[in-house]
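Colleague: Just so you know, the sequences run in chain order E and Y. For the first sequence, this note's numbering begins at 39 and goes up steadily by one. For the second sequence, this note's numbering begins at 195 and goes up steadily by one.
Among the hints, erroneous ones may be present.
What the hints assert, rightly or not - Interface residues of chain E toward chain Y, partial, derived using beta-carbon atoms under 8 Å:
#	residue
1	A112
2	I126
3	R132
4	F136
5	E137
6	G142
7	W154
8	L187
9	A202
10	G203
11	S275
12	Q279
Stated by the list, open to error - With the Cβ distance kept under 8 Å, some of the chain E side facing chain Y (calculated, not the full set):
#	residue
13	S90
14	S121
15	M133
16	I199
17	S266
Hints are computed from structural coordinates only; laboratory data are not their basis. Ideal placement from N, C-alpha and C gives every residue a C-beta, glycine not left out.
Read off the chains here:
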Amino acid sequence: MSEAAIRLSDVHKSFGPTPIIMGVSLDITRGERHAIIGPNGAGKTTLFNLISGRLPLSRGRIELDGQAIDGLPAHRINRLGLSRSFQITSIFPRMTVFENVRCGLLWSMGYRYSFWHLLGRESRLNAAAEQLLADVNLESRRDLPAGLLSYAEQRALEIGITIAGGARTVLLDEPTAGMSRSEANHAVALIRRVTEGKTLVMVEHDMSVVFDLADVVTVLVYGQVIASGPPAEIRASRAVQDAYLGTAAH
Amino acid sequence: MSEILAHPGARPVPTTGAAAFARRHGPWFLALAVALALPWLFYDWSRARHSGFVVAMLSQMSMMAIFALSYNMQMGQAGLLSFGHAVFFGLGGYCTAHALNAVKGGSFWLPTELVPLVGGVGGLVFAIVFGYVATKQRATAFAMITLGIGELVTACALMFHTFFGGEGGVSTNRMIGTSLLGWSYGPSIQVYYLIVAWTAIAVALMMLLTRTPLGRMANACRDNFERAQFVGYDPSIVRFFQFALSGFFAGIAGGLYTLTYEIVTFDTVAGAMSANALLMTYIGGVGAFAGPVLGAVLIVLLQSWVSLLSNSWLVYVGVLFIVMVTFAPGGIAGILLMHEPLWRAGRLGRLAVPYARLLAPGVIAVAGFVLLVELCSFLTIGAAQGKAFKLSGLTIDPQHPGAWLIGALLLGAGGLVLWREGRRFRAAWEALVEEIKAGARA
Numbered sequence: 039m040s041e042a043a044i045r046l047s048d049v050h051k052s053f054g055p056t057p058i059i060m061g062v063s064l065d066i067t068r069g070e071r072h073a074i075i076g077p078n079g080a081g082k083t084t085l086f087n088l089i090s091g092r093l094p095l096s097r098g099r100i101e102l103d104g105q106a107i108d109g110l111p112a113h114r115i116n117r118l119g120l121s122r123s124f125q126i127t128s129i130f131p132r133m134t135v136f137e138n139v140r141c142g143l144l145w146s147m148g149y150r151y152s153f154w155h156l157l158g159r160e161s162r163l164n165a166a167a168e169q170l171l172a173d174v175n176l177e178s179r180r181d182l183p184a185g186l187l188s189y190a191e192q193r194a195l196e197i198g199i200t201i202a203g204g205a206r207t208v209l210l211d212e213p214t215a216g217m218s219r220s221e222a223n224h225a226v227a228l229i230r231r232v233t234e235g236k237t238l239v240m241v242e243h244d245m246s247v248v249f250d251l252a253d254v255v256t257v258l259v260y261g262q263v264i265a266s267g268p269p270a271e272i273r274a275s276r277a278v279q280d281a282y283l284g285t286a287a288h
Numbered sequence: 195m196s197e198i199l200a201h202p203g204a205r206p207v208p209t210t211g212a213a214a215f216a217r218r219h220g221p222w223f224l225a226l227a228v229a230l231a232l233p234w235l236f237y238d239w240s241r242a243r244h245s246g247f248v249v250a251m252l253s254q255m256s257m258m259a260i261f262a263l264s265y266n267m268q269m270g271q272a273g274l275l276s277f278g279h280a281v282f283f284g285l286g287g288y289c290t291a292h293a294l295n296a297v298k299g300g301s302f303w304l305p306t307e308l309v310p311l312v313g314g315v316g317g318l319v320f321a322i323v324f325g326y327v328a329t330k331q332r333a334t335a336f337a338m339i340t341l342g343i344g345e346l347v348t349a350c351a352l353m354f355h356t357f358f359g360g361e362g363g364v365s366t367n368r369m370i371g372t373s374l375l376g377w378s379y380g381p382s383i384q385v386y387y388l389i390v391a392w393t394a395i396a397v398a399l400m401m402l403l404t405r406t407p408l409g410r411m412a413n414a415c416r417d418n419f420e421r422a423q424f425v426g427y428d429p430s431i432v433r434f435f436q437f438a439l440s441g442f443f444a445g446i447a448g449g450l451y452t453l454t455y456e457i458v459t460f461d462t463v464a465g466a467m468s469a470n471a472l473l474m475t476y477i478g479g480v481g482a483f484a485g486p487v488l489g490a491v492l493i494v495l496l497q498s499w500v501s502l503l504s505n506s507w508l509v510y511v512g513v514l515f516i517v518m519v520t521f522a523p524g525g526i527a528g529i530l531l532m533h534e535p536l537w538r539a540g541r542l543g544r545l546a547v548p549y550a551r552l553l554a555p556g557v558i559a560v561a562g563f564v565l566l567v568e569l570c571s572f573l574t575i576g577a578a579q580g581k582a583f584k585l586s587g588l589t590i591d592p593q594h595p596g597a598w599l600i601g602a603l604l605l606g607a608g609g610l611v612l613w614r615e616g617r618r619f620r621a622a623w624e625a626l627v628e629e630i631k632a633g634a635r636a
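Please work from the sequences and hints to get the whole structure.
Modeller: Here it is in structure tokens:
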């Protein structure tokens, strides 16, 4: 069995005549924390949307744990062990915080479309949901509608929903965007803790977060990978500095 | 508002055991007791007869409560706006009529008490067929498909005489003599009690459904279908199951309809009946489980009682709908729930005076509006029917400008004062909410 959690082979994506992703090939090794960086419009989020099945590929092949997943609908890819968060917070706003994480658990705990289990009586499920709430430090918000949480709390909740199903591979799209420094530090600690032993791929703009968290950094510029390697190597690379860090770094 | 919900109020709320069960379900048992007792309040002891009008109205309320609740399984719980829900009500009714006729004819045996289940199964089967098509889509596309299905089935009801009986519909006889209780089901009070029993069962089942994985994921797909996909669910299958089960309960309501009226015609599947479900559900409140029940009670009351008093009762239903959508999108249930935090803080009494100040101009404005509508109605339909507009013995001439002037004056002045008092009420309300929040923080 291959060592790659995700393997992209010559992936292309165009919106109409406009190419966005132009031949990306990338191996993401199982268990590593992999950051994808690049200037705005480089196609980072599009790449996530292709991997997670939110958008169909134009050309190429994507494997998850050695199995081809391109062309599968999003929920099928999720069931194969890949989960993701969104750049714009995506939660269930009218449901309580507890219900949100419990929904994240349902499929993976085998409830499928059941209309004969009463949720209140499923003690194993509810214990797991309570545990998850504790993991993302939201116990005090348990019964509040999720739409009323603060922004940083909603991001934490989304991470909770994302990891709930026990996916082995987790994609996080800008998990600390829009946060204050201290909120971002909390979020990084949370991500580090809850993705222990999983493969983590994240898009991130905050370089301190990237160099703090990532084992491998891939630089995407105009739909192509221009460099991929350990953070120190990327930081030192001349090509990366020219293409990206030199202009984007403060 | 919802921020106060997070703070524990002055009244302790039991969360476990019998006390919590009583607190959560008490209103339902109370409603059941009232439903069982009400016919006897209107019982004519001198002639030893039930009031036919009251029993008919209560029967209608009860079956419409099931119908509206089943509609809300799609609308409120799954976020699916359907314009064709009557299809499952009506087809359930047709199936029931044929089943009754078959039992009567000796083709097979079925206790009368279980006959509404035939409607339910009929509704379920058709909801599986039509739901397979409709639930592939959501939002506007879903609404359009249900509209199409409604029109399609209405057209079929007039084309295929063997099953639908054409314009005359299918008549039947509920006295099939197979009751397990030994009831004849001749007297409508017996049918009423059967309806109440089925309503209790259907309400309990639909409430339990909201607490299952499917019910919860229906809420999730309503809130954010994309997120639902990324926790492993196929939103179109969630919609499909929810739609099919909703059709089952609508079919039960249709079965009860057939038992009550002993005839099913094409208007049970038609657009007006679907609109009825939407109206009851929306006016009652889509956000709370019990909302559609309140809507069903109110709308049936308007349909059967106000329609006796006025030709223009539909105008009042229409205006009520617009007013609710504009000013209280949460419906009656939403308005009631807004008061809960105040009640828990023990401050509800503080609203008595502000409410009283709203009441007087409110009544005046409504009286003015009703007067104008009735004047219009008597000028046209009333005149054609040769009726005179009588108000507590006083005959009002719709040709006379005085009556119109009084109506306009009441509506204008009442409306103006109501508007000003409304602003004052809102200020009082907000001050009270602030006060409770401050109290909870201290």
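Colleague: Each hint should be assessed against the structure and marked as holding or not.
Modeller: Right, here's what the structure says about each hint:
1. At a threshold of 8 Å, the smallest CB-CB gap from A112 of chain E to chain Y is about 4 Å, leaving the interface hint in force.
2. Against a cut-off of 8 Å between C-beta atoms, the interface hint on I126 of chain E is violated, since the closest Cβ of chain Y lies about 11 Å away.
3. Interface hint status for R132 of chain E: upheld, as the beta-carbon distance to the closest one in chain Y is roughly 5 Å, under 8 Å.
4. Annotation: F136 of chain E was flagged as interfacial toward chain Y, and the flag is violated, the nearest CB pair being 11 Å apart, outside 8 Å.
5. The interface hint given for E137 of chain E holds, since its Cβ lies 7 Å from the closest Cβ of chain Y, which is under the 8 Å cut-off.
6. Given the 8 Å rule on beta carbons, the hint for G142 of chain E holds: about 5 Å separates it from the nearest Cβ of chain Y.
7. For W154 of chain E, the interface hint holds, the least distance from its beta-carbon to any beta-carbon of chain Y being 7 Å, beneath 8 Å.
8. Given hint, L187 of chain E at the interface with chain Y, is violated; its Cβ is 11 Å from that chain's nearest Cβ, farther than 8 Å.
9. For A202 of chain E, the suggested interface contact is upheld, since its CB lies about 7 Å from the closest CB of chain Y, less than 8 Å.
10. A distance limit of 8 Å between C-beta atoms decides the matter here; for G203 of chain E the minimum to chain Y is near 6 Å, and the interface restraint holds.
11. The closest approach between the C-beta of S275 of chain E and any C-beta of chain Y is roughly 34 Å, which is over the 8 Å cut-off, so the hint fails.
12. Here the hint on Q279 of chain E is broken, as its CB sits about 35 Å from the closest CB of chain Y, past 8 Å.
13. Using the Cβ-Cβ criterion of 8 Å, the hint placing S90 of chain E at the interface with chain Y is satisfied: the shortest such distance is roughly 7 Å.
14. Because the closest C-beta pair between S121 of chain E and chain Y is about 6 Å apart, less than 8 Å, the hint holds.
15. The beta carbon of M133 of chain E is positioned within 8 Å of a beta carbon in chain Y (closest approach about 6 Å), and the interface hint is therefore held.
16. Nearest Cβ of chain Y to the Cβ of I199 of chain E: about 6 Å, under the 8 Å cut. The hint holds.
17. Given hint, S266 of chain E at the interface with chain Y, is violated; its Cβ is 26 Å from that chain's nearest Cβ, farther than 8 Å.
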